[in-house]
Amino acid sequence: MTMVDTLFGLIPEASRGQQWVAEDLQLVNWGGYDGGPHRVRFSPAATLLCGGSGSGKSTLMDAYIALMMPHTTPFNGASNGGVTGRPRGDEQRNVLSYGRGKLDETRTEEGTKVQVLRGDGEDTWTAIAVTWRDHDDSRFTAVRAWYIPAGARVLEDTVRVRATANTGFDLATLERAAAQRLTDASVRAAGLEPVGTDREFSARLHSVLGIGAAGSGANAMSLLARIQAGQQITTVDDLYKRLVLEEPETMRTADAVVVHFDELESTKQRMLVARQQVAALEPIRDLRQRIDTAAGRMTLIDAVGVFEDPTSVASLWRAERRMDLLRTVEDELRDRTRVLDVLVREKRVQAEAAEVEHDGLRDLLRERGGDRLETAQRELRGVERRLEDARVLRARFDDDLRALGAEVHSRAEFDKLVGRARAVLGDADAKGNAREAWADARRTRDGLKIELAQRERAAEEATAFAGNIPGDLYRSRELLAEAAGLEPHQLPFVGELIEVRTEYEPWREAFNLALGGFATTVLLDVADLDRFRTAIDGVRTPRRLTYQGVHTGLPANGGGAENRLPGRLEYADAPFTGWLQVRLAERFGFVCVNSSAELAAHEQALTITGQVSRGDQGAHGGHGRANVLGFSNRARLRELEAAVEELRPALDRAEEAVTAAETALDRFDAERAAFARIVDVVWDQVDVDALVAVQERWRGVESEVAEKNPDIAGIAAQIEKAKALAGRLREEIGAATAERQQVEQRWGEITDDVDAGQALIDEATGSDRAVGAEQAQYLDDRFASPASAKAGPSVLLERFDGALQTAGNRLNEDRATAFEAHHEQRESMRRLMAGFLERWENPNLVADPDLYVDDFESILAALETSGLHQLESEWRDSLVHLSGNDLTNLDSTLGRALRDIRERIEPINRIMQDLPFYDDHHRLQITTRESQSEARKRFRRDLREVRGLIEGASSDQEREQAYRRMSRLIGHLRRSAPDFADLIDVRNHVRVSAERVTADTKQHVALYDHIGEKSGGESQELIAFIVGAALRYQLGDAGAERPRYAPVFMDEALIKADAHFTKRAIGAWRGLGFQLVIGAPNDKYSAIEPHVDVEYDILKDTQGRSWAKLKVALPEAR
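Per the numbering used here, the very first residue in the sequence shown carries number 12; after that it's consecutive.
Do not take every clue at face value.
Result set (EDC-like, lysine to aspartate or glutamate): computed pairs, CA atoms no more than 16 Å apart in a straight line [as the list claims (entries may be wrong)]:
#1 113 / 131
#2 1095 / 1108
#3 1120 / 1104
#4 732 / 366
#5 948 / 902
#6 460 / 666
#7 1122 / 1108
#8 948 / 993
#9 734 / 363
#10 358 / 750
#11 1111 / 45
#12 113 / 134
#13 252 / 996
#14 732 / 363
#15 1120 / 45
#16 252 / 993
Derived by calculation from the structure, the hints in this document are not laboratory data.
Take the sequences, apply the hints, and build the full model.
This is how it looks when you write it as C-alpha cells:
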C-alpha cells in the first residue's frame, strides 16, 4: 500500500480525503437469506434493522464481518458470550453453516444430522457484497464468495473468492460464475477483479477506503469489530482498554524474549542431548572391535578345523610339528640302542665272574660243616615266619577273650571255650529273648510317656478354662459364639451352672453319671435361637455340641428337698438358673438312696454308685469318667498335677530299664560275634609259646655250629656277597635287555609315525594345502610345548602328544569361548542400541548390531564432527549476553509503552474538545493515573539486577548463577504465568477514567469512572463519545472534518436509553461524522427509530427463510 504524508499523518495514496459511506449490502444464500440477491440499502446517516430474536438481524451483521474482518473475528458478537471454541469453528457460527443455511440438528439412527436450507447432499454457493459511495458518486464494491461442495467439512474444502470492482455490482451476475465453481476466469468475466489472499484483499480495502493511519488499517477494523459486538462494559477503564487500546508492544516484546530464550534453551537441551548421545554411543566402537575380534577368532578356529579330520589344517600342523619331534626322537633312540648294547656285554662278563666266585666259596663252606648250619638257618627262618603270623592271630584272640571275660593258657582251656562258643551259637532263642526284653522295656517307657503327655496336656487345657467341661467342647463353643456374635457366658454349659454341695461330695461321680450328656448341653436365650441357628450352620467344630434355647430370667427356687439330686446341688447366679432348676426337678429329680434295695421304693432313685431307676427301667456303669460339674476346676487341676508328679519317677525308672536292655542286647551281640570268630581258630595257630620254644632250639643249633667252626661265618658272608652281586648283575642285564627291547619297539613305532606323517605332509603339498602364519601361531600358542634344555626329545614328544590328547576339547572350548564373547559383545551392543532408541526414538533405526551398527557410528561421527556437545560453555556465554540484551530492551519497552498510552489519549482528547458533551458548555476528556504495585516494582528491580549480574559475570560460576536468575525471571514473561498480565500488560499499569470539564476554562466538573453507576442512556452517550473519538483516531483522520470511512455497524446497541439520551448518543456518533447501521430487537428500538432515516423489519417464515422488509426509506437517488 502506497502512503503519503499529510497533516493527519501517513494516509493511503488512493484515498482522496473524502468520505466513503456504505450504500448497500447484498447477500446470496447467506444463512436464512435463501437465494437472492437480497439487497439492504443504507442511509448515509443512520439505518435501523429491527426484528425478533432469531429473525436474521445478526446474520446481516455477520455478513459485514465476513466481508471486512479477518477470520479471527467471531460471528454474532452481540449474543455469543456463552459460546466456546475457536472463532468461526465447529462450535460457533461459521461460513459453512451460513452458506448452507443451517436450521437445526436432529438425532437419527445414524447419528446427529444437520438440517439445512440448501447444500444437503449437493453443492451450493454463497456470496456477500458491499458497495460504498463517496461524495462524487464514485462507487467501490467488495465481494466475498464461496463455492461449497457437498462433501465440504471445513472452510479449506471450499472455493474462496475475494474480489473488488471500482463500480457498483449486482451479485445476480455472479450466478453464471457459480455454475463454473467460481473460477478466476468466470469471476473476471462477471466484472470483478479477484484478489489472491486475505491479506491482499484487506490491504486493497484499506487503501481504497482510506481505513487507518500509517497503514494500521487492521487496528481500525479491530476496533470496528469490537464496537459492532457491543460487549458489556462496566468501567471507563475497561471501555478504553478493551475498545481503544490494542495489545501493547510489551507483550509482543516479552513473547520475543521468551521465544529467544526458549530457542537458546532448546539449543542447550540439544547440546545436553548431544553430550548424552555421545556418551551413550562412544562404547560402540570398542564393542564393534571386540565383536570383530571374536568373529575373527571364530573364523580362525573354524578354518583350523579339527584334529580328527586328516585333511584339516590342524592335522597338517600336527604332522609338521610332530615330524620335527619324531626326527629328533629317532636319533635319540638310535644312540640309546648303541649304549645299551655295550652295557649288556659289560654286565654279562661281570655276572659270570661273580657266579664263579660264588660256586668256589660254597664248595669251601661244605668242606667245613656248613650243611648243618644251613639247615638250622633254614628252619629258623620258617619258625620266625610262623611265629609272626601266630602273634597277629593271638592278639585278635586275646581281644575276643577280653570281650568274653575269659582266659586261655592251654589246649584244654581252649577246647572248653570252643565248646561253650558252639553251645551259645547253637542257642536260637537267646537272641530273641534279649530283643523281647528290650522291646518290653521300650513299650513300658513309651506308654508312660504318652500317659504323661496326656495328663500334662489335660492340665494345660484345664488352666485355659474355669470349669470342668472338656477342652474340645469349650473350643467348639467359642467357634459357635464367634459366628453368632455372642459372648461365651451367653452360651453356658449346664455343668458350669451347678456344683455338688460339700457335704455331698461322695455323690459327685453318681451325679455325673445320672446327668449324663445333659451336663454338657449348651443353653442360650430362646430369643437368640433362630439367629444362632442361621449363623452357625456353616461352622465346623472339633466336637458335636448339643444346645437348647430356654426362657431366661425365671425365678430360682433353691433346688428342692435335700434327699433328691437337685437339692444336693449349688446353683450359679445366672439368667438360666430358674429354668435349669425346673428342668432338673422334672427330669432328674432322683431320690438319693443308700442301697440298691431301696430303689424299688421310689419312682426315680439314685444310689451312690451311680445306678438309677425309673420305674421298671434303670441304668448303671460308665465309671471313671471325668467330672464335668462345678463352678471351678481347682480340684481337677490338683488331681492332674498329682497324677503328673506320680508318673515322672515311673518314667525315669522305665528309661533306665530301656538303657539296661539296650546294653544287654549290645553285649549279647558282641559276645556272639566273638564266639563266632573263636570257633574258626585252631589252637596251634595261637600257641605262641610253643613256637617260641622251637625258635630257641634252632638258635641253639646255629650257635653250636658257629662255635665249633669260627671261619664259617666269614665264608658264609662272602657267599652271600657274591650271590647278591651276581643277582644284581643279572637284574641289571635283564633291565638293560628289556630296555633295549623297548627302545627297539619304540624305534619301530617312531619309524612308522615318521612314514605316516611324511605321507600326510606329501599329500597336503600335492594338494596345495599349507598352514597359514596366523593359524600356525594360534596352534603353536595353544598346543606346542615350550622348549626346555633339560627335557629330551622323547619327553618333548610325549608332552606334545599329551597336549594333543585334549586338543579337540580345547578347540571346542576356544570355539565356545569365542562364540560366547561374540554373543556377549553383540548383546552388549544391542542393549546399547536399544537403550539409545528408548531414550531417543528414531523410526529409521533398529537395535540390530549386524544391520545398523554403521548407522549408529554415523550418528556418533556426526555428533563428534558438529562438536555440539562440547560447546556448552560458549553457548552459556552467548545465552547470557543475548538474553541480557533482550531484558534491556524489555525494560525500555515497558517505560515506552506507558508513555505511548498517555500519548494515545492526547489526539482523542483533542477530537472531543470540539464535541459538546452533556450540553454545549461542557466537554469530555480522558485522564490516566498510573497504578503502582510492589510486585511490579520488584519485577523492574529484578530486570535491572539481572542485567547487572550478566554484565558483571566473569567466571563460569557467576555466569551460571546469572543464567539461573535470568531463567526464573523469564518464567514471569510467559503468558501462562499467573502474574504475566499484571507485570507485562502495561494497560494494567494505568487506570483510565473520564471527566466532564467546562468548554472554556477546562475546569473539572464531574468524574466518570464506573459506567454501571450511570443510567443506560448516560452510559451509551459516554461510550459513544469515547469510542467514537478513538475510532476517528484509529481511522487516521482525527483532524479532518469527517472520517474517510464512515460506516459503523452496531448490533443491539443504544437499546437501554430513553429517547433523550439515545438522541444524544446518536448525535455524538453523527457529530463525529459516522454512518450508523444499528440492529435492535422488536421491543427495544422505539428510542432509536426517530433518529434514523432508513428502517428495515427483519422477518423469518416457518421454513426458516429470512428477508429484510423496508419500513422507512429515503427517495431513490437520481
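So, going through the hints one by one against the coordinates:
Simply put, residue 113 and residue 131 have alpha-carbon atoms about 10 Å apart, close enough for the 16 Å limit, and the pair holds. About 13 Å separates the Cα atoms of residue 1095 and residue 1108, which keeps this hinted pair within 16 Å; it holds. Simply put, residue 1120 and residue 1104 have alpha-carbon atoms about 15 Å apart, close enough for the 16 Å limit, and the pair holds. Between residue 732 and residue 366 the CA atoms are separated by roughly 11 Å; this keeps the pair inside 16 Å, and the hint holds.
Note on residue 948 and residue 902: the hinted pairing holds, with a Cα-Cα distance of about 12 Å set against a maximum of 16 Å. Restraint check: the Cα-Cα separation between residue 460 and residue 666 comes to about 10 Å, which is no more than 16 Å; the hinted pair holds. Under the criterion of a C-alpha separation no larger than 16 Å, the hint pairing residue 1122 with residue 1108 is consistent with the structure, at around 6 Å. For the proposed pair residue 948 and residue 993, the alpha carbon gap of about 11 Å is at most 16 Å, so the pair holds.
Among the hinted pairs, residue 734 with residue 363 is consistent with the structure: their alpha-carbon atoms are about 11 Å apart, no more than 16 Å. Note on residue 358 and residue 750: the hinted pairing holds, with a Cα-Cα distance of about 14 Å set against a maximum of 16 Å. Of the pairs offered as hints, the one joining residue 1111 and residue 45 holds, with about 11 Å between alpha carbons and a cut-off of 16 Å not exceeded. The straight-line distance between the Cα atoms of residue 113 and residue 134 is roughly 14 Å, inside the 16 Å bound, and the hint therefore holds.
Pair hint residue 252 plus residue 996 holds up; C-alpha atoms about 11 Å apart against a cutoff of 16 Å. Taken as a hint, the residue 732 and residue 363 pair is honoured in the structure, with Cα atoms around 15 Å apart against an allowance of 16 Å. Pair hint residue 1120 plus residue 45 holds up; C-alpha atoms about 15 Å apart against a cutoff of 16 Å. Among the hinted pairs, residue 252 with residue 993 is consistent with the structure: their alpha-carbon atoms are about 14 Å apart, no more than 16 Å.
In summary, this structure violates none of the numbered hints.
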